[in-house]
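The numbering of the sequence shown is this note's numbering, which starts it at 2 and goes up by one.
Listed next, with one range per pair, are the computed distances between beta-carbon atoms:
| no. | residue 1 | residue 2 | range |
| --- | --- | --- | --- |
| 1 | Ile220 | Asn61 | 51 to 57 angstroms |
| 2 | Gln93 | Ile198 | 36 to 42 angstroms |
| 3 | Ser223 | Asn285 | 45 to 51 angstroms |
| 4 | Ile198 | Phe270 | 56 to 62 angstroms |
Straight-line C-alpha distance at most 30 angstroms; calculated DSSO-like pairs for lysine-lysine:
| no. | residue 1 | residue 2 |
| --- | --- | --- |
| 5 | Lys248 | Lys263 |
| 6 | Lys139 | Lys54 |
| 7 | Lys204 | Lys186 |
| 8 | Lys219 | Lys125 |
| 9 | Lys102 | Lys132 |
| 10 | Lys249 | Lys263 |
| 11 | Lys139 | Lys287 |
| 12 | Lys125 | Lys163 |
| 13 | Lys102 | Lys130 |
| 14 | Lys125 | Lys102 |
| 15 | Lys125 | Lys263 |
| 16 | Lys96 | Lys132 |
| 17 | Lys132 | Lys230 |
| 18 | Lys125 | Lys249 |
| 19 | Lys204 | Lys219 |
| 20 | Lys132 | Lys249 |
| 21 | Lys186 | Lys219 |
| 22 | Lys204 | Lys190 |
| 23 | Lys139 | Lys263 |
| 24 | Lys102 | Lys54 |
| 25 | Lys96 | Lys163 |
| 26 | Lys249 | Lys130 |
| 27 | Lys204 | Lys194 |
| 28 | Lys96 | Lys125 |
| 29 | Lys139 | Lys96 |
| 30 | Lys139 | Lys163 |
| 31 | Lys204 | Lys125 |
It is worth saying that the hints were derived from the structure and are not from the lab. C-beta: ideal position from N, C-alpha, C; glycine also.
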Amino acid sequence: MNTKRWIALGVAALLLVGSTLISALLNISRTNFAETMNQVMKTTELGSNLGRKTVQEGSNTSQIALLRVEGAIQDTGETSLLGATKGYNHQQFLKQLDDIKNDINVKGIVLAVNSPGGGVLESKQVYEKIKLIQQSRKIPVYVSMGATAASGGYYISAPADKIFVDEETLTGSIGVIMQSMNFSKLADKYGVKFETIKTGPYKDIMSGSREMTDGDRKILQSMIDDSYKRFLKVVSDGRNMPMDQVKKVADGRVINGSQAVKAGLADDFGYTEDVITALKKDHNLKGSKVFEYDSVESLSSLFSTKMTSFFGGGTVETQAISKLMSHYGTTPRLMYMYGEE
2 MNTKRWIALG VAALLLVGST LISALLNISR TNFAETMNQV MKTTELGSNL
52 GRKTVQEGSN TSQIALLRVE GAIQDTGETS LLGATKGYNH QQFLKQLDDI
102 KNDINVKGIV LAVNSPGGGV LESKQVYEKI KLIQQSRKIP VYVSMGATAA
152 SGGYYISAPA DKIFVDEETL TGSIGVIMQS MNFSKLADKY GVKFETIKTG
202 PYKDIMSGSR EMTDGDRKIL QSMIDDSYKR FLKVVSDGRN MPMDQVKKVA
252 DGRVINGSQA VKAGLADDFG YTEDVITALK KDHNLKGSKV FEYDSVESLS
302 SLFSTKMTSF FGGGTVETQA ISKLMSHYGT TPRLMYMYGE E
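My request is simple: use the sequences and hints to build the entire structure.
Right under this line is the structure:
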């Protein structure tokens, strides 16, 4: 490549970065950045280290927290370009729960769940913090299920005082799953040989380089069964249902909202605004302020979105290969998950 072409590429790169930054700044100016930040400062309550924004005006000494769980409940630690967090932020959500536990002005919680579930550990951590809030603060927790609140999404909802669904909500999927990819026969076909040195027969359990043995399966099944028993107890305790009744719908099946109400896994129908209204009415919280935690996008997040849309598309084949490779070499883990991880 000659000098002129290198210069042309350099100029094109500078123009791309410049246009992206200008676009991001224009987006910020359109939303009146100064006014937005001023509003954030006004709605951040004293005693909280996390930003809050008001959803419904009301008393500062009687507040309802609207918490949202959107996406897979996993502590992936993933960040996009320039450090912008992507999707559900597990550690941030745990901090929000701690913040509520320590704030005596919060008199109730509405948990809006739209999640296919996630990791066994992460789901358990959220569940335990919700239970701790209920025990230490004695405040009501209502759940508003969105399009999907399955498996781990149901696990974290189970301790709620009331669960609301839409008739078309996809929920249930009570069970545990653990998956890996076995590509040993594919490797044999192309003459690829895996050399493994290990200290015992199970050190490479669930490795994609060999077939699973009966011994492997027995060990892993015992782990799955343990987690499943805990899931059953969470549902039985939370819904005040006999274990036999829980087991009738705890075979991994998904059900819709109407079926969930009939099965005793949910209480009523309604959207998030209906759930807020019900909580206020049921617990004499009519004049309470409703807030949710602030998620104002930073400049880096706006820049990240722009760059991702520019570079992250690719052909269908590229996306498929990328998805396949993202699974290669990952550690299999226990999941309360409906659908693909």
